[in-house]
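Asks: Given next are the chains, with one letter for each unit.
Number of protein chains: 2
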Amino acid sequence: MIGLVKPKTFSFDRLDLESGKTLEDIDIVYETYGSLNEKKDNAVLILHAFSGSAHAAGYYENDTKPGWWDNMIGPGKAFDSDKYFIICSNVLGGCSGSTGPASINKKTGKEYGLDFPVITIGDMAKAQKKLIDFLGIKKLLSAAGGSMGGMQVLEWMVSYPESLRSAIPIAASMRHSPQQIAFNEVARQAIIADANWKKGSYYGGEIPKTGLSLARMIGHITYMSDKSMEKKFARNLKNKADYSFEADSEFEVEGYLKYQGDSFVKRFDANSYLYISKAMDYFDVSGVNFMKQAPASGNDMRFLIIAFESDWLYPPYQSEEIARQLKLKGYDATYCEIKSTYGHDSFLLETDDETRLISSFLNRVYREGLQK
Amino acid sequence: MIGLVKPKTFSFDRLDLESGKTLEDIDIVYETYGSLNEKKDNAVLILHAFSGSAHAAGYYENDTKPGWWDNMIGPGKAFDSDKYFIICSNVLGGCSGSTGPASINKKTGKEYGLDFPVITIGDMAKAQKKLIDFLGIKKLLSAAGGSMGGMQVLEWMVSYPESLRSAIPIAASMRHSPQQIAFNEVARQAIIADANWKKGSYYGGEIPKTGLSLARMIGHITYMSDKSMEKKFARNLKNKADYSFEADSEFEVEGYLKYQGDSFVKRFDANSYLYISKAMDYFDVSGVNFMKQAPASGNDMRFLIIAFESDWLYPPYQSEEIARQLKLKGYDATYCEIKSTYGHDSFLLETDDETRLISSFLNRVYREGLQK
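If you read the sequences in order, they're chains A and B.
So for the first sequence, our numbering puts the first residue at 8; every next one is plus one.
So for the second sequence, our numbering puts the first residue at 8; every next one is plus one.
These are calculated hints, taken from the structure and not from any lab test.
A hint or two may mislead.
Identical chains blur together in the list; that is why a pair holds if it fits in one copy or across any two.
What the hints assert, rightly or not - Dumping the calculated DSS-like pairs for lysine-lysine here, alpha-carbon to alpha-carbon at most 25 Å:
{"#": "1", "residue 1": "Lys137", "residue 2": "Lys90"}
{"#": "2", "residue 1": "Lys234", "residue 2": "Lys346"}
{"#": "3", "residue 1": "Lys206", "residue 2": "Lys247"}
{"#": "4", "residue 1": "Lys245", "residue 2": "Lys273"}
{"#": "5", "residue 1": "Lys13", "residue 2": "Lys133"}
{"#": "6", "residue 1": "Lys137", "residue 2": "Lys113"}
{"#": "7", "residue 1": "Lys245", "residue 2": "Lys28"}
Next up, chain A with everything else stripped away, as it sits in the complex:
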């Protein structure tokens, strides 16, 4: 058990963005679990998914629910806090403490809104790199994450290979397919269509909760699978079908989506949804952008790529392609497809299989380091 945790804030002056613009006065909120050893070679960076946060494990005071990957992070767990120093930060552009469109622009004293510059996955990684530098870590034992977290892992591999001993991209892609872009775009359009969105200047007033809730509902369908929905809801009714169109959420699945949408608007910022989803759509490290040829000798980088059978949003073929490219370029890469019916959500749910794979992978990488 990690027990009680508190988020910390790392602040820095400026970040030159991929767009050519500059962002100033940046906060990155992060949490750490376990201790950094003297050689500073036991650090693992955890990257969170679209709607995640720095709170990956442990509890905040008075909270009943732990961080989003608590079953993977802690003493004796996959990311063993007895052995490793584990870091997780909220992404740039996010809304859980790090600087994003809902933050106060010091120049105006108001929230950024659409004045916030467009950011990329590359910019997120750049901010994370500054945090790692600040913590005095030259080389991470590993970087790991699922979904958009996996895309950040890929960005780290491409942009800071010298700072990585290993990497674990899970349920990720080197680039979004048009179908993935399409789902994101409909979600964005739902937010933009909400009259309360007001071109992003809704802070202090009514928030665009209907649009944001719709966006989340669409997302949730894509995070599950046909099979997992059948298992969870079938055609069960929440309220008796009364053949009246106005009935509220007749089918259980309708009530579930509505609940997910309603709770999401309480914890997530609509503009962050726009900016972060756009960053995912822009992301493309495929082709010539992907990793240099591994040096014939002295290459000790290790990669574990994980995908899930029923994940139709980030289908296994996208992860297989990552593994294929790595192998073609001479890297030690292992690809594992986990049998699961949970769809894209599997990376949060199939923790037994993930634990087995990741524990032994990290162990090996760590041991190899000790032998040097």
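Guided by the hints, dock chain B onto chain A, whose structure is given.
Replies: Showing chain B alone in chain A's frame:
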């Protein structure tokens, strides 16, 4: 070539609905192609999909585009108008001529809006049965349709088996899975969330076009496949990515969806979207509701069930289940899965394969009738 066609209207006094309510003064708009023979045994009923209409083939005066299944209906085509008398009507609850929520309620002199009673696929078939009776047809040579059209075919099989010689449900399901319901529900919520929807009383004023357009965009993603989207759009840009969030439709796929949404609102009624999608979600002819055991002798019903490999909205397993149930109950049923990358849209696009299958199937059924 069918050439120029004109829609006709069949009107009747009342329809007792599955909900227990009654609808009065009903118009059903329909088109016919070819001629009914003297024995009146060459009639084929075509059932349209969610957003279809009675205009299945031929051209309206000054139109540049033919009906929605023109490549399947006409002299020498799958539904050969030289041999068969082909009928297609707009569904009850629709917005292309048949009575629906946008029609004038004679009692009030105003559009029904939400006063329109909830309708079911069973009610649609009941209205079609009245049309068939009116045309003097006792037994249809066949009933055929894709998607919601296929669901109407299944309804005909269950409710009016004595009026069918054969049936061709394409890319259909005996009932919606929770995933199918979920996509429909998000689309409905998008319409309902539009401030212009005004609980369905928007006629004569601004229509809820943003919500309806969003609904259609969601639908369109589900009608295509990951592969077909990759082939059609890849990650091509419509406008140069300028790293500015406000840019309009950067990716081609975004522009395509927007275009599809924008054109849909010009031809479809938002309330019809709500009513018809609800009818699809209610539909369930599975289990004990599905077809009686075929009589051991004298059963001359024939079934052709077609599905498409890449259709993830109405996955092939749903069609296989139809065929399995029919065979279990002693019917002559053939199941064909067509290889296609077009997803659910395949039923409108894979007309070569469909033509081969349907032509020979209908030929056989027709010949068997002549031999009696």
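Asks: My question is about Lys234 and Lys346: at a cut-off of 25 Å on alpha-carbon distance, are they close within one copy, between copies, both, or neither?
Replies: Answer is both: 13 Å inside a copy and 22 Å across each meet the 25 Å cutoff.
Asks: Taking 25 Å as the upper bound on the Cα-Cα distance, should Lys137 and Lys90 be classified as within, between, both, or neither?
Replies: Within one copy only: 24 Å inside a chain, 76 Å across chains, cut-off 25 Å.
Asks: At most 25 Å between alpha carbons: which applies to Lys245 and Lys273, within, between, both or neither?
Replies: within (24 Å within a copy, 35 Å between copies)
Asks: When no copy is named, should Lys206 and Lys247 be tagged within, between, both, or neither for a Cα gap of at most 25 Å?
Replies: Only across copies: Lys206 and Lys247 sit 22 Å apart there, 40 Å inside one copy, limit 25 Å.
Asks: Using 25 Å as the alpha-carbon threshold, which applies to Lys245 and Lys28: within, between, both, or neither?
Replies: Between copies, since 23 Å is at most 25 Å while 50 Å is not.
Asks: At 25 Å max between alpha carbons, let me know whether Lys137 reaches Lys113 within a copy, between copies, both or neither.
Replies: within (21 Å within a copy, 71 Å between copies)
Asks: Go through the copies and call it for Lys13 and Lys133: within, between, both or neither, with a Cα cutoff of 25 Å.
Replies: within (24 Å within a copy, 64 Å between copies)
Going down the numbered hints, you'll see the structure goes against none, and every one checks out.
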